[in-house]
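**Q** Work the whole structure out from these sequences, hints included.
There are 4 protein chains.
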Amino acid sequence: MAGSTFGKNLKVTTWGESHGAGLGAVVDGCPAGIEINEEYIQTFLDRRKPGQSRFATQRSEADKVKIMSGVFEGKTTGTPISLVIENTSQISKDYSDIADKYRPGHADYGFDAKYGFRDYRGGGRSSGRETAARVAAGAIAIKVLETMGISISAYVKQIGDISINYDNFSLEESRNNGLCMPDKEAYEKAAEYVDRLKEEKDSTGALVECIASGVPAGIGEPVFDKLDARLAMAIMSIGAVKGVEIGDGFDVVRIRGSQNNDEFCMDGDKVAKKTNHSGGILGGISDGADIVIRAAFKPTPSIYQKQHTVNNKGEEVEIEIKGRHDPIIAPRAVVVVESMTAITLLDLILTK
Amino acid sequence: MAGSTFGKNLKVTTWGESHGAGLGAVVDGCPAGIEINEEYIQTFLDRRKPGQSRFATQRSEADKVKIMSGVFEGKTTGTPISLVIENTSQISKDYSDIADKYRPGHADYGFDAKYGFRDYRGGGRSSGRETAARVAAGAIAIKVLETMGISISAYVKQIGDISINYDNFSLEESRNNGLCMPDKEAYEKAAEYVDRLKEEKDSTGALVECIASGVPAGIGEPVFDKLDARLAMAIMSIGAVKGVEIGDGFDVVRIRGSQNNDEFCMDGDKVAKKTNHSGGILGGISDGADIVIRAAFKPTPSIYQKQHTVNNKGEEVEIEIKGRHDPIIAPRAVVVVESMTAITLLDLILTK
Amino acid sequence: MAGSTFGKNLKVTTWGESHGAGLGAVVDGCPAGIEINEEYIQTFLDRRKPGQSRFATQRSEADKVKIMSGVFEGKTTGTPISLVIENTSQISKDYSDIADKYRPGHADYGFDAKYGFRDYRGGGRSSGRETAARVAAGAIAIKVLETMGISISAYVKQIGDISINYDNFSLEESRNNGLCMPDKEAYEKAAEYVDRLKEEKDSTGALVECIASGVPAGIGEPVFDKLDARLAMAIMSIGAVKGVEIGDGFDVVRIRGSQNNDEFCMDGDKVAKKTNHSGGILGGISDGADIVIRAAFKPTPSIYQKQHTVNNKGEEVEIEIKGRHDPIIAPRAVVVVESMTAITLLDLILTK
Amino acid sequence: MAGSTFGKNLKVTTWGESHGAGLGAVVDGCPAGIEINEEYIQTFLDRRKPGQSRFATQRSEADKVKIMSGVFEGKTTGTPISLVIENTSQISKDYSDIADKYRPGHADYGFDAKYGFRDYRGGGRSSGRETAARVAAGAIAIKVLETMGISISAYVKQIGDISINYDNFSLEESRNNGLCMPDKEAYEKAAEYVDRLKEEKDSTGALVECIASGVPAGIGEPVFDKLDARLAMAIMSIGAVKGVEIGDGFDVVRIRGSQNNDEFCMDGDKVAKKTNHSGGILGGISDGADIVIRAAFKPTPSIYQKQHTVNNKGEEVEIEIKGRHDPIIAPRAVVVVESMTAITLLDLILTK
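Residue numbers (the numbering used here), protein chains in the order written: chain A, 46 to 397; chain B, 46 to 397; chain C, 46 to 397; chain D, 46 to 397.
Just so you know, not all the hints are guaranteed correct.
For identical chains, the list gives no copy identity; a pair is met inside one copy or between any two copies.
[Said to hold, decoys possible] Here are the simulated lysine to aspartate or glutamate pairs, DMTMM-like style, with alpha carbons at most 20 angstroms apart:
no.	residue 1	residue 2
1	351	245
2	319	361
3	358	308
4	351	247
5	120	84
6	111	131
7	109	131
8	351	308
9	94	118
10	243	361
11	319	365
12	229	212
No wet-lab data here; the hints were simulated from the structure.
**A** Rendered as structure tokens:
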């Protein structure tokens, strides 16, 4: 089936493998008249790029985006925007050993079961590199949302047992440290932890939090296209995500209705809420408060330890993964979470 | 926008309000030749029906389903199956007081912001009663999956701080006690807790777990229509759900790659896994193990305590909700989780 | 596959067979606040109903529509509108003879090839009666378009070799005579022709023309969702239609660019065109002139003559079709053409 | 809205303008394991390319296609195939004069009314050049259909009053003469006619016929996604098409049921039909006979005569179109018709 298109009124179609000629996205349905250029999109791609810190692989992917259509004299025309990122380094030799083995924690076996055929180079479509196309598309959605007064920011909230302290919160800090944590102290502890895991040829999961501010009340559709339902799909579709929650999320299991209900109040002549347990969404429709989303990213499955697995001949074998892999996925995925949040929000806003 | 249709190859469209003439679903794309009748579907609706236990409201909704089309001589014909549930008791007087007030924890304000107009009787489309239509549709999907050797069962895993013990696990128990907990001991503790909350005019959240067994490897699409992404959307679209996780879910934040990776092995001539941290899905594609989904249900927002809120004239007011409301949502939603899981799985299987 | 839903922002899903419990439509995405009631919709259904003239069968289908949801205090709420028409006369005995024979000109063989199974009673989903659901849905779209100053009217332009003369054009006449021809003289000649065919146990095709006035310029999407492309799909999806054309239509084969181009001019401060060869659509986008669509309806395939065919055992057999069938399809289909035109237009307008 | 994606299970998304960096298509949902390479696709693009005959413009568009993804070791992988055609000659000066004038017969005015903004260079998305992307995508669909025994061929059947004679029919001839007519005699007469129009700074319409052979019975969905409905949309979405018909098409208006019905018979152990008035489709589902589609292409609207029009300031002005334009659109569109037919058929086959 065709599963590479997301959205209804804003349709984002991505394509490409990590080891083919390149990858890209087509953004269809973007409003006309929005200022967009390659430099602007590049700033988002650079946040996702490998080699930006000691926690990320040193692979040299240039990730240079090219706008192929849909922009005329610096502004969107309302027609499809095609974004292309050519692959520059495509040395495939690192993958020769794993061509017929199923890497634990990866989609290799599922792909073979599905297609009877697999592009084993770098995971093909299930490679994390696929998200570069989402980021390029997301940058455009973020720009459109900005014109509506909506801003989106994500960061790493927790790594292993190390959580940020909101008293130290600094979004700028998160943009500058290699783990995207908005709390310098937490970052330093987490950095030590990740360094230790790296030495131990292991990896760690992490929790990413994303806030969308300025979203007016009334966005989202009753029933299936609820704002939170669409966000859940968008975020869970990012490779390593195993959980998504909104507002109080899984904590609602333990708390009472009298604690979870946000009382409405007036803020001047605007309807507001005294608290935001709902995370900005009630009954699938935005309630005017900040949208609060959290995503659980699993540890990088490509670890350097010897692991047991099977190959495509049905033999039990050992596997040792080579190549360069990050000991943690989440920091590079922060901008992907922002992108998918923006694409989802804009899609639903454009239907209103 | 039109947000009441779910799925691509199996399209489920629901309609109806809790206080209109009725509600229903159209199931389009169901394979031909499947045996379906009203009695079979009714058994699923009866699990969702109010008044089944002391933890559920005693409202007398008959919830009798009628098959209007798509079934001929006891078998599906491949054409749309229309399911209608007429509303029998529609006394609206309980809602007169809240017609212009925004109930905390409800979508009332969002609906007004969106449409400038609202059917205030029982929450309209955002009423929990809308899920009856999903259950009727889900019963059909479950039947089709059965013919493929796939079975789905959900239950309440946790209420407040009370969790089930898997050593005591009995699915049958969960079908017989009013809280749908598959552990008699846990049920008894939880029953006490819920009774106490009811006395205190309060409510509680809960955790529902759903297992789909027999799903072959290879289901789901790379990128956006990943099996877990579609499940996340399906489950999050159920009214009170604030979080969805697959397999180890949010625990992945704390664990290491070496712990989270499931090693592949051979089980006779079949590829299998030694553990199931992935919850049966890797890279968005089923890996042949049980699919494990958990959903966090928030506490019933309709509580009998006096609450502060605003009305649609922008005045701060007090609200006291009347009518009959369950102190816990999850038990009646268990069958809704099964239904949405089945609809999602079948939709993706039909595309293969 | 699920092929019973039409539209993107206005989604119309139809269901039902001619001999089941009933048929209906779910209209999702209709704007809130539009006045709709059953009596209004009924006037459209009555135009399609059999037994209205001597050219139409005398079967007694009551075709009474019931609004099941989406309307509150006489106005649409923005949520799905469910429309149900119960079947009242379902005597199936007329069809016993054809259960295993493929009627020439019908979809019987295709259905068997597709599903391996067929509801042989009255053609199942391929029955003309399915269009009653489209008309009920179309009535709502027409009402919404009226609030935007758009009106739609269709009529029979030609039957056999008998064409209307625009000098005699009277839309009222077309609403009153049994052949829906807006020219009394043409009607009288055509009536004679159809009577003769009826005696000869034969049937005739006809040409339906539909005009949508008041459509502003700018409706339709470049490339695939062009207004004319979507209209072509909408109209061709009506059972017996074998051709669709816009404006000059097939005549463009014979004429020159200098004849076909409509020159733009100013009409006061509005852009207008001196002619309307384009039929109101240029490059798939409305140009502000009347939209002009024509549809060719084939002769009723159910004729009373003995015909050769095969049965589902692969034997060549003779077939004699019983029951009551119109000698001409088009007059009852006029309101279906209006309905599908309205649904298509509104869907594209709602995306703007 | 996002209107640049066609299809459900095979999704084709096109992008690009005639004067931007390039254009292309993403083909998502193509089955895995199909042999595809750039040379193969190029043969289709070359049939559409300008400058191939004296009836086509001599603009030097190289139209070289590059496969960017979805093909590995010469075979499709089941993931999206991205096809890019870079624009090589982009001298925009020819268009300076028409930047603010609405060309008669073009979508210029509609685009301005829709977006308030227009890429005036070469018509932007409404340029005929957009169809190059469809042809690249169509080549892939044609290849997949070939593996199923389905072949598709289109040709020009009529230009002005000059029709082909089927006694002289030669598909090879149509591939070799500049007007794509499969009858040498008709071609010679038509060539004279087109030459004369060219001298007179005028243009002509034409009729294209397309045959799909080998389509099994049972393809297409009842009701809205009928095979003929989807084909009508696909073909009408090609820029200059003003009419689409299937089988007897508009002739059904004049003929009787007894003439139009095709009697079924047995051909060995296969169900067949004695005639093919239906054009291979009954009730929207293929009946096993050849699919016969005809499309009416309007005359090229860009003619070199002085024409009256208005500009975007609301002034009546004269316009003289420069640049190079074909006096007839249809010959270069023949391969586009084949492409859209193939894409539509494959999409519906993949849902079966």
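**Q** Compare the structure with each hint and give your call.
**A** For each hint, the structure was consulted:
| no. | hint | verdict |
| --- | --- | --- |
| 1 | 351 / 245 | within (12 angstroms within a copy, 56 angstroms between copies) |
| 2 | 319 / 361 | between (58 angstroms within a copy, 12 angstroms between copies) |
| 3 | 358 / 308 | between (60 angstroms within a copy, 16 angstroms between copies) |
| 4 | 351 / 247 | within (11 angstroms within a copy, 53 angstroms between copies) |
| 5 | 120 / 84 | within (14 angstroms within a copy, 35 angstroms between copies) |
| 6 | 111 / 131 | both (9 angstroms within a copy, 12 angstroms between copies) |
| 7 | 109 / 131 | both (7 angstroms within a copy, 17 angstroms between copies) |
| 8 | 351 / 308 | between (54 angstroms within a copy, 11 angstroms between copies) |
| 9 | 94 / 118 | neither (28 angstroms within a copy, 28 angstroms between copies) |
| 10 | 243 / 361 | neither (27 angstroms within a copy, 55 angstroms between copies) |
| 11 | 319 / 365 | between (53 angstroms within a copy, 18 angstroms between copies) |
| 12 | 229 / 212 | within (11 angstroms within a copy, 44 angstroms between copies) |
When each numbered hint is compared with the structure, violations occur for hints 9 and 10.
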